[in-house]
Amino acid sequence: MRIMRTAAIVGALGLALSLSATPASASAVLSGRCSKGDFQLAASVTYGNAGGQHFFTKLTWKIVGDVGSNNDVYFEFWKHGSPDSLLKVFKMNDVSKSGSMNISFRRPLNDAVYVHGGTVFDTKYATDPVCKYFTRTI
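Quick note: the sequence shown uses our numbering, first residue 91, plus one each step.
Treat the hints with caution; some may be incorrect.
Using 30 Å as the maximum straight-line C-alpha spacing, the simulated DSS-like pairs for lysine-lysine come out as follows [unchecked claim]: (1) K222 x K152; (2) K169 x K222; (3) K178 x K222; (4) K214 x K181; (5) K152 x K178; (6) K126 x K222; (7) K187 x K222; (8) K126 x K181; (9) K126 x K152; (10) K187 x K214; (11) K126 x K187; (12) K169 x K148; (13) K181 x K148; (14) K152 x K187; (15) K152 x K169; (16) K169 x K187; (17) K152 x K214; (18) K148 x K126; (19) K222 x K181; (20) K214 x K126; (21) K152 x K181; (22) K148 x K178; (23) K187 x K148; (24) K181 x K169; (25) K126 x K178; (26) K169 x K126; (27) K169 x K214.
Simulated from the structure, these hints should not be mistaken for laboratory data.
Please read these numbers as outputs of a predicted model, since none were measured by experiment.
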């Protein structure tokens, strides 16, 4: 009986240690939208916070409207400050109307980060085919 009780205590301690060793972090999404005439871009960035850092893992975009398949989409990561400073740029050229890209980008948790992004629509119908958006700051 004593051996079983000791095994149960050791097992419970092992479980508690394994649970506390992994930081809890739920992923969230920063999103932005912009439009120019009949064309729209919806973009999102999946991120989480763990180990004293923001970590960004996925970029997603969807373009609505009668556009071709050679759109340029970009995501700029900025640190909010005086002045704001550009941290990282992801630019995809000649992409279709929707897509995603896995990324790995980290910043210290005390950095206030936001995303500025946009697209150049592949269209012959717009005189100014550019739209831009900003996300909230985390």
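Unsatisfied constraints (hint numbers, rising) = 27
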